[in-house]
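Protein chains in written order, with my numbering: chain A, 1 to 146; chain B, 1 to 146; chain C, 1 to 146.
Since the hints were made in silico from the structure, they are not lab data.
This one's a predicted model, so the numbers in the text were calculated from it and none came from an experiment.
There are no misleading hints in this set.
Copies of one chain are not kept apart here, so a pair can be met inside one copy or by any two copies together.
Below, a list of computed lysine-lysine pairs in the DSS-like style, where the Cα atoms sit at most 27 Å apart:
no. : residue 1 : residue 2
1   : K32       : K99
2   : K140      : K113
3   : K113      : K99
4   : K32       : K113
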Amino acid sequence: MLDQVVLIAGVTVMGVLEQAYFSLQVIYARRKYSVSPPSTSGPPEFERVFRAQANCSEYFPIFIIILWVSGLFFSQGLSALCGLLYLYGRYQYFRGYAKMAHGRLAPLYFCAKVLWVLIGFSALGILGSMCRFYLDLDLKQLASSI
Amino acid sequence: MLDQVVLIAGVTVMGVLEQAYFSLQVIYARRKYSVSPPSTSGPPEFERVFRAQANCSEYFPIFIIILWVSGLFFSQGLSALCGLLYLYGRYQYFRGYAKMAHGRLAPLYFCAKVLWVLIGFSALGILGSMCRFYLDLDLKQLASSI
Amino acid sequence: MLDQVVLIAGVTVMGVLEQAYFSLQVIYARRKYSVSPPSTSGPPEFERVFRAQANCSEYFPIFIIILWVSGLFFSQGLSALCGLLYLYGRYQYFRGYAKMAHGRLAPLYFCAKVLWVLIGFSALGILGSMCRFYLDLDLKQLASSI
Ligand SMILES: N[C@@H](CCC(=O)N[C@@H](CS)C(=O)NCC(=O)O)C(=O)O
Ligand SMILES: N[C@@H](CCC(=O)N[C@@H](CS)C(=O)NCC(=O)O)C(=O)O
Ligand SMILES: N[C@@H](CCC(=O)N[C@@H](CS)C(=O)NCC(=O)O)C(=O)O
Numbered sequence: 001m002l003d004q005v006v007l008i009a010g011v012t013v014m015g016v017l018e019q020a021y022f023s024l025q026v027i028y029a030r031r032k033y034s035v036s037p038p039s040t041s042g043p044p045e046f047e048r049v050f051r052a053q054a055n056c057s058e059y060f061p062i063f064i065i066i067l068w069v070s071g072l073f074f075s076q077g078l079s080a081l082c083g084l085l086y087l088y089g090r091y092q093y094f095r096g097y098a099k100m101a102h103g104r105l106a107p108l109y110f111c112a113k114v115l116w117v118l119i120g121f122s123a124l125g126i127l128g129s130m131c132r133f134y135l136d137l138d139l140k141q142l143a144s145s146i
Numbered sequence: 001m002l003d004q005v006v007l008i009a010g011v012t013v014m015g016v017l018e019q020a021y022f023s024l025q026v027i028y029a030r031r032k033y034s035v036s037p038p039s040t041s042g043p044p045e046f047e048r049v050f051r052a053q054a055n056c057s058e059y060f061p062i063f064i065i066i067l068w069v070s071g072l073f074f075s076q077g078l079s080a081l082c083g084l085l086y087l088y089g090r091y092q093y094f095r096g097y098a099k100m101a102h103g104r105l106a107p108l109y110f111c112a113k114v115l116w117v118l119i120g121f122s123a124l125g126i127l128g129s130m131c132r133f134y135l136d137l138d139l140k141q142l143a144s145s146i
Numbered sequence: 001m002l003d004q005v006v007l008i009a010g011v012t013v014m015g016v017l018e019q020a021y022f023s024l025q026v027i028y029a030r031r032k033y034s035v036s037p038p039s040t041s042g043p044p045e046f047e048r049v050f051r052a053q054a055n056c057s058e059y060f061p062i063f064i065i066i067l068w069v070s071g072l073f074f075s076q077g078l079s080a081l082c083g084l085l086y087l088y089g090r091y092q093y094f095r096g097y098a099k100m101a102h103g104r105l106a107p108l109y110f111c112a113k114v115l116w117v118l119i120g121f122s123a124l125g126i127l128g129s130m131c132r133f134y135l136d137l138d139l140k141q142l143a144s145s146i
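In isolation and in its complexed conformation, chain A is listed as follows (with noise of 0.2 Å):
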């Protein structure tokens, strides 16, 4: 069973790296600008790295869970190389918040897109998976034999 997840973990470790690389910057930001905790404000440039992280936190579960259902119920490849440019975007994201509040926008729209395709492979796939244990129904078959 393992190898037919092998890929989405492999995405998995890839983006727990990225979201300890994100957390790092959080705590050099805190040195060079000396906002110690519990404090989470400071100048702007702290703020923004402060606040790219807890969006990229935020999302990260999300992301993992609908990377995980889409690799289960659609399709292991196409979900890897989608959680692949996910974690490009959100690591532009970041670079791009870091920078100018402005610089977030372009890449978030290019997650949301990435995530809004992972979402239309579960949807895809549970529907699949439920016409097959439900009804009997195996659509794949179905639409190639139209």
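Knowing the structure of chain A, use the given hints to seat chains B and C with the ligands on it.
Just chains B and C with the ligands now, kept in the frame of chain A:
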């Protein structure tokens, strides 16, 4: 194996859609009350929407994790049902909190109760599995034979 | 298949209980220091409890994700053990941070080390699986035959 998780996967995708809806509400509130990132403070109307989404995001991974453990180890159908109740409760929480701070309380208690049920299911299911695997003891059979 | 994840599922439920405990501490602190939602600022005593829970919540999905990948691809027993150590470290983190900001540092370093071990396990496990599936190469056998 996928037929054993297809219902909770369906609830999971609905949860992701709900989180997407909450995020969009924050983006609209940011525009409406002119609160530009990285700032997160503004009029109470904005802060309630912002915090409602933050609170839902904080609990989302916990919810999904316990939903899957409960679905895998206890009962898929019952877990999926609890999942739908939780998502409904969170929608009420978001709307209630956005209107006034007090409006978040009743739905929050409801959601917390659903989570405790899922935690209970998970604990029972894991206990049963452990007895079966490590003590070769079938609790279900034992209970029905008494 | 469930016997291969029952231990990490057990650690997962313990983690969920720990997060519930942290959330309750924030609710008590809100009452004690009269910090009504949506506000998140108050006396330093409150802010330390608030941030301690926020930080634990931020890392919780990352921890659970890497726990499961490591448990599935490397070793269930070792991963579950690391999981227990992490949960213990997070408890110390919360208590230390609540007392004084500096008290968070030693447990945080400990938790970070445990996470790195789980990341290492996951990477090794995934690499091994990939070699097996895609190159038909069994690294374990190779290592033991040298
Ligand atoms: N927590 C987010 C939820 C919505 C969201 O993802 N917003 C995008 C577009 S405005 C963003 O980049 N937010 C910046 C931030 O979270 O600091 C927020 O506060 O804005
Ligand atoms: N992060 C939460 C943790 C505890 C919690 O879930 N509190 C409930 C009841 S006071 C809540 O609705 N909090 C509002 C909020 O998070 O803004 C908090 O700051 O309060
Ligand atoms: N969100 C974290 C990301 C980095 C992190 O984990 N920092 C550690 C070491 S400075 C911490 O304990 N932060 C305290 C906090 O999050 O309140 C932060 O704001 O600091």
